[in-house]
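Could you build all of it, start to finish, from the sequences and the hints given here?
Which chain is which? The protein sequence lines are U and S, in order.
Here the first sequence is numbered in our numbering, starting from 1 and rising by one per residue.
Here the second sequence is numbered in our numbering, starting from 1 and rising by one per residue.
To be clear, the hints were calculated from the coordinates, so they are not data collected in a lab.
C-beta: ideal position from N, C-alpha, C; glycine also.
Please note: incorrect hints may appear among the correct ones.
Chain S side only, calculated, beta carbon under 8 Å to chain U, not exhaustive [said to hold, decoys possible]:
1) Ile-45
2) Gly-46
3) Ala-133
4) Ser-138
5) Leu-193
6) Arg-281
7) Leu-295
If you anchor each label on the Cβ, the simulated ranges turn out as follows [as the list claims (entries may be wrong)]:
8) U:Phe-25 to S:Phe-303: 31 to 41 Å
9) U:Asp-60 to S:Leu-121: 40 to 50 Å
10) S:Gln-305 to U:Gly-134: 40 to 50 Å
11) S:Ser-233 to U:Thr-114: 22 to 32 Å
12) U:Leu-87 to S:Leu-94: 41 to 51 Å
13) S:Gly-173 to U:Leu-55: 24 to 34 Å
14) U:Tyr-76 to S:Ile-45: 17 to 27 Å
15) S:Ile-45 to U:Phe-25: 39 to 49 Å
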Amino acid sequence: MTLTQRTRTLLIHTALGVAALAMVFPFIWMLLTSLKTLPQLLQDPLSFWPNPWTLNNYIDAWNAAPFAQAYMNSVYITVLAVVGTLLTASMAGYAFARIKFRGSRFLFILFLATQMIPKQVTLIPFYLLMSSLGWVDSHLSLIVPAMMVNPFAVFLMRQFVLSLPKELEEAALVDGAGRWRTFWSVILPNLRPGLGALSIIVALDVWNAFLFPLVLLNTPDLFTVPLLLSSFRGQFGSINYGLVMAASAVSTIPMLVAFVIGQRRIISSMAASGLGGR
Amino acid sequence: MTIVPSSLVEQPRLASPPPAGPRKESGWRRRDRRWGYVFVGPQLIGMAIFVLVPFLGSMVLAFASWDGLSELTWVGFDNFISQLQDPLLLRSILNTLLIAAITVPIGLGFSVVIAVALEKLKTRTLYLVLFFAPVVTSTVAVAMIWQQMLRADGVLSSSISKIFGIAPPDWLGDPGLALISVCIVSIWASMGLNVIIFLAGLQNISPSVIEAAKLDGAGALGIFWSIRLPLLSPIIFFSSVIAFISSLQTFDVVFVLTANAGPDNATRTIVYHIYDLGFGRFEFGPSSAAAVILLLLTLVITFIQFGVQKKVVHYEDGAE
Chain U
1 MTLTQRTRTL
11 LIHTALGVAA
21 LAMVFPFIWM
31 LLTSLKTLPQ
41 LLQDPLSFWP
51 NPWTLNNYID
61 AWNAAPFAQA
71 YMNSVYITVL
81 AVVGTLLTAS
91 MAGYAFARIK
101 FRGSRFLFIL
111 FLATQMIPKQ
121 VTLIPFYLLM
131 SSLGWVDSHL
141 SLIVPAMMVN
151 PFAVFLMRQF
161 VLSLPKELEE
171 AALVDGAGRW
181 RTFWSVILPN
191 LRPGLGALSI
201 IVALDVWNAF
211 LFPLVLLNTP
221 DLFTVPLLLS
231 SFRGQFGSIN
241 YGLVMAASAV
251 STIPMLVAFV
261 IGQRRIISSM
271 AASGLGGR
Chain S
1 MTIVPSSLVE
11 QPRLASPPPA
21 GPRKESGWRR
31 RDRRWGYVFV
41 GPQLIGMAIF
51 VLVPFLGSMV
61 LAFASWDGLS
71 ELTWVGFDNF
81 ISQLQDPLLL
91 RSILNTLLIA
101 AITVPIGLGF
111 SVVIAVALEK
121 LKTRTLYLVL
131 FFAPVVTSTV
141 AVAMIWQQML
151 RADGVLSSSI
161 SKIFGIAPPD
171 WLGDPGLALI
181 SVCIVSIWAS
191 MGLNVIIFLA
201 GLQNISPSVI
211 EAAKLDGAGA
221 LGIFWSIRLP
231 LLSPIIFFSS
241 VIAFISSLQT
251 FDVVFVLTAN
261 AGPDNATRTI
271 VYHIYDLGFG
281 RFEFGPSSAA
291 AVILLLLTLV
301 ITFIQFGVQK
311 KVVHYEDGAE
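Pasting the structure below:
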């Protein structure tokens, strides 16, 4: 018994549609809840449409916590972490792929091995180290380590350098350009697709980080977006659901809009990293 | 520390033919070698300071008693002994393993099915965006959104109560349901990533293999079981290792969704335990011992998975 092509496509769309609905419904419910008044939320939790519609939750949430400041913090921390990672990881990736130096193999294996250590294992000594550097409650504790440590990024950039033809740099080297100039003028421009993918991966990672910012930052004005959202819940969580959902919407909608705009590149970058840079 | 197999240790390099060029080779080589260290330098220094030093610190603190203020004293294996007898740690390990054992197979299973369905469609951008949206959303926001949905008087409980005529389930208040809630949210949040990875993997399968099977009279289900799934199995394996390891590190969801690890520590995970001991009670020694236990657990499970891989995973002949 064979199904016609059309019924089969229809069946697939139905099944996927149900699954997709399960994925969007929580977002839709967040928006609807954020636009309802407290009396409506308490009286009839099942009502779908807000009645009456209200934007007060957004105004109250915006006034209750420094969301604008949190966005500024998250943006500049993420940008610095991404730029730093792109530079240090592509340098290291280039060296591991193309320069022969003593111990390079051992160091590369060391990089791969440190990837096996869950970050959380070093949480307490990392905090103590930051404390002795005077970086607790400072963005330095988030930015500097992010810029300088990312074994996965090194591995990924090494893969990308290996995929470039060797002749590309050999011509430059024979012409007398040193390694430094070759790296900047030949390697880096050719790595652009890889750098694009890496910046998306790192940006998502840094933007959404929670445990380390939670431990390292104390002053609300220094908080990143997820951290501010979490502290907001701690303050208002069990009182006004509309208010908390408005805060959630404020923290997620800009990211979702950015994602929808860049969805093609973001999805293909994440797929490539999941396949180990193949 | 990890033991490096002797075959991987640096061998004395045989003299290799020098690169073309007029300059004096030995000098160029020496300077070039220096460039190698310069290029690796920033990441190497970063790793030494921000990973290796804290890692050794964990190892040291695990054998010490310290609250950050008074003097540090050595206690040998006491932290490990007391931790392994602490019902809270045992509960945390059990919860963490349960979360991993539930979320990984269910999440990956759904992802494979969805990826296979998506591959059959010509236009799938809308689906991809919808499935992937939770992946780009921070776990904190995800957990807060779901907290609203799962409240005892929230939309899910009320609907279930109305449809089935039963008392509304208290998803986050009932200890058993709280752990299941954490699993549901974790699956929802991470499924999109695996969907796109598997979809990319399916698209890499050459159509000629599928065509050949069709000519041999294989049906859709047969092609799935005997061709698509085996060819996808290396990617599924790789993703399952990553998913399992990241499940072992569950923290954000339990911290936000089930505030303070749920009713009666029902959703307390190992990382929550490390955090609670370290920053709730300033017991750095026991907390570090728990961290070392997490590391060992991660390594053991990874090795087991690689052992199983040899039996289950199909690699194409000659591929890589």
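For a quick check of understanding: which of the numbered hints are violated here, in increasing order? The structure conflicts with hint 6 only, although it agrees with all the remaining ones.
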